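Chains as they are written, first to last, in our numbering: chain A, 3 to 332; chain B, 3 to 332.
By construction, these hints were calculated from the structure, which means they are not laboratory data.
Quick caveat: nothing in here was measured; it's all calculated off a predicted structure.
Hints are not guaranteed to be accurate.
Identical chains blur together in the list; that is why a pair holds if it fits in one copy or across any two.
[To be verified] Here are the simulated lysine-lysine pairs, DSS-like style, with alpha carbons at most 30 Å apart:
1) K283 with K245
2) K117 with K17
3) K191 with K74
4) K95 with K172
5) K69 with K95
6) K172 with K17
7) K281 with K74
8) K95 with K74
9) K17 with K283
10) K123 with K275
11) K191 with K117
12) K32 with K123
13) K69 with K172
14) K310 with K283
15) K117 with K330
Protein chains: 2
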Amino acid sequence: MHILIIGAAGMVGRKLAERLAAEGGLAGRKIERVSLVDVVAPVAPAGASFEVETRAVDIAAPYIASKLVASKPDVIFHLAAIVSGEAEADFDKGYAINLDGTRHLFEAIRQQNLKAAGGYKPRVVFTSSVAVFGAPFHEAISDEFFHTPLTSYGTQKAIGELLLSDYSRKGFLDGIGIRLPTVCVRPGKPNLAASGFFSNIIREPLAGHEAVLPVADTVRHWHTSPRSAVGFLLHAATLDGGKVGPRRNLTMPGVSVTVAEQIEALRRVAGDKVVARIKRKPDETIMRIVEGWPRNFDPQRALALGFKTEASFDDIIRVHIEDELGGKIG
Amino acid sequence: MHILIIGAAGMVGRKLAERLAAEGGLAGRKIERVSLVDVVAPVAPAGASFEVETRAVDIAAPYIASKLVASKPDVIFHLAAIVSGEAEADFDKGYAINLDGTRHLFEAIRQQNLKAAGGYKPRVVFTSSVAVFGAPFHEAISDEFFHTPLTSYGTQKAIGELLLSDYSRKGFLDGIGIRLPTVCVRPGKPNLAASGFFSNIIREPLAGHEAVLPVADTVRHWHTSPRSAVGFLLHAATLDGGKVGPRRNLTMPGVSVTVAEQIEALRRVAGDKVVARIKRKPDETIMRIVEGWPRNFDPQRALALGFKTEASFDDIIRVHIEDELGGKIG
């Protein structure tokens, strides 16, 4: 089995490659080869029993997609994207990478499919986002709620979803789109994304550092752990397409909590001393951005199809301590 | 005022140009010039008090859109599309015209907007379709129901809607997307489109000819007259964008009736002798296609914004008799 990961240098892509290396197979089939590509060369996972190739490519260039699929990978994970803030600031770049890059990929697969007279039809796992939804929302967004994104990033992801469904319906590829919740706790340095504080207020105090909370603790949001995000990708890669039907894009399960509930979970898991490292410093800009974000979902289809996430935010914190801190709190 | 109609050779485009010629103005402003373009040269409407230019162009070619908007029309009606059946049969052509053609147009307007430092922001009226919806549906589809098209045409229209909203949100243009019901009674020859029979069973008997009904008379569908379709376009052209908000695409009102109700309306308006010209001849293929079509909507937003259609199918038939048959039944 040959697996291609586009966007393999990002946090989720890197963890996906590490998980594949640890497991050595997918759905009972041995992995022979994994191709990792991104705008910068991805790092090969340690201890892989399969061949690994890494390449730095510009996925906005049409001829790149043809090269990537020329070797007919069995499973393609398409994680590459310009993030929300950058796609909003650079309109052309966002459309070039997030829309054209995705379309070139699907089109390159279609050309291989046509050449092979239908004999090539890879599973394509496309990471979409809850950014396809735009306020005002119902209290818990249903699987049938419409897509009225309020960012170019969300628009580009919603278009990617439509293309994925149409190319799947026509039999050119076998796609599953998954809308990831905010991935929390993100490892690494505090980041300047407007959503960064959701992770910062957990990760930094656990590591012995102070963290800034820029919004009211009544703010509610939708979370999953990096481990579950990788789990979604693997489950999507092996899911029976017939059970999914023509509606190929799914809102992933998550944990809906307020910031106050995040903090209480941190107190239960790590104690008052750790929680005391969170400093409240309201930021009007971030508060206004967060206002338009979805708070809660009712992802019945994904749950029925067997996608799983943590049962509580306490568990999300425990996953971080296990996977990033070697089980120890600083 | 300068108005550009792209797709002006089609039935709705032609009627729109005729209505503009009859009225001479739009929203109280005098029309100075109307540009009519399509893949074949459109016919100029008779008796226009404004300058009319007609051109045959290929809207899939990127440089064409730049030429069309170089003169900065105040209102642009974008009606051009490859129809559903052809977009399904010719995947590349459908995407080239319906997706790329639309995107090139919006992008050409954006370039003019950037050059004019925001001083150019035309109202763009984009005709979308109820084909953005795919079965299974609720009994009456709400304004918040999601878009899971089951055709490439519906996919391309749904993408056009997303682009229209994003370009509007960014201030590059001022777009309104309108999802037209099936336009009935279509004038002209019987047509081979799967939806053709909805018009054929009214138009042909009224003209003294037999017509074939290929589906059960329990089939329910969503209709508006050609006159109302033109009314939607004019209303969309003059609507206050501030009242519409960021959700720029609207399901238009229509009349939801079964085929049996269509036939009873025809009997009330034109009598038993006319109805007797309808011959039942079931067609499995058409029955299967129609199965996936929407039947009824609850278009609250469009109604609140002042879009109007006929009150009954009887009125739809009367509009046809007035507008196409000079008030006389054959």
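Taking the hints in turn, this is what the structure says about them:
Taking CA atoms no more than 30 Å apart as the test, K283 paired with K245 passes in neither setting, with 48 Å inside one copy and 36 Å between copies. With identical chains, the CA atoms of K117 and K17 are never at most 30 Å apart, being 34 Å at best within one copy and 45 Å at best between copies. Taking CA atoms no more than 30 Å apart as the test, K191 paired with K74 passes in neither setting, with 37 Å inside one copy and 48 Å between copies. Taking the closest pair of Cα atoms, K95 and K172 come within 30 Å of each other both inside a single copy (29 Å) and across two copies (15 Å).
Taking the closest pair of Cα atoms, K69 and K95 come within 30 Å of each other both inside a single copy (22 Å) and across two copies (24 Å). Taking the shortest Cα distances, K172 and K17 never come within 30 Å of each other, neither inside one copy (32 Å) nor across copies (35 Å). Proximity of K281 and K74 under a CA criterion of 30 Å is satisfied in neither setting, with 51 Å inside one chain copy and 53 Å between copies. Taking the closest pair of Cα atoms, K95 and K74 come within 30 Å of each other both inside a single copy (28 Å) and across two copies (26 Å).
In this assembly of identical chains, K17 and K283 lie within 30 Å of each other by CA distance neither inside one copy nor across copies; the values are 32 Å within and 60 Å between. Taking CA atoms no more than 30 Å apart as the test, K123 paired with K275 passes in neither setting, with 54 Å inside one copy and 56 Å between copies. Taking the shortest alpha-carbon separations for K191 and K117, neither the intra-copy value of 46 Å nor the inter-copy value of 40 Å comes in at or below 30 Å. For the homomeric pair K32 and K123, the shortest alpha-carbon distance inside one copy (19 Å) is at most 30 Å, but the shortest distance between copies (56 Å) is not.
Proximity of K69 and K172 under a CA criterion of 30 Å is satisfied intra-copy only: 23 Å inside one chain copy versus 35 Å between copies. With identical chains, the CA atoms of K310 and K283 are never at most 30 Å apart, being 34 Å at best within one copy and 51 Å at best between copies. Within a single copy, K117 and K330 get their C-alpha atoms no closer than 54 Å, and across copies no closer than 57 Å, so neither meets the 30 Å cut-off.
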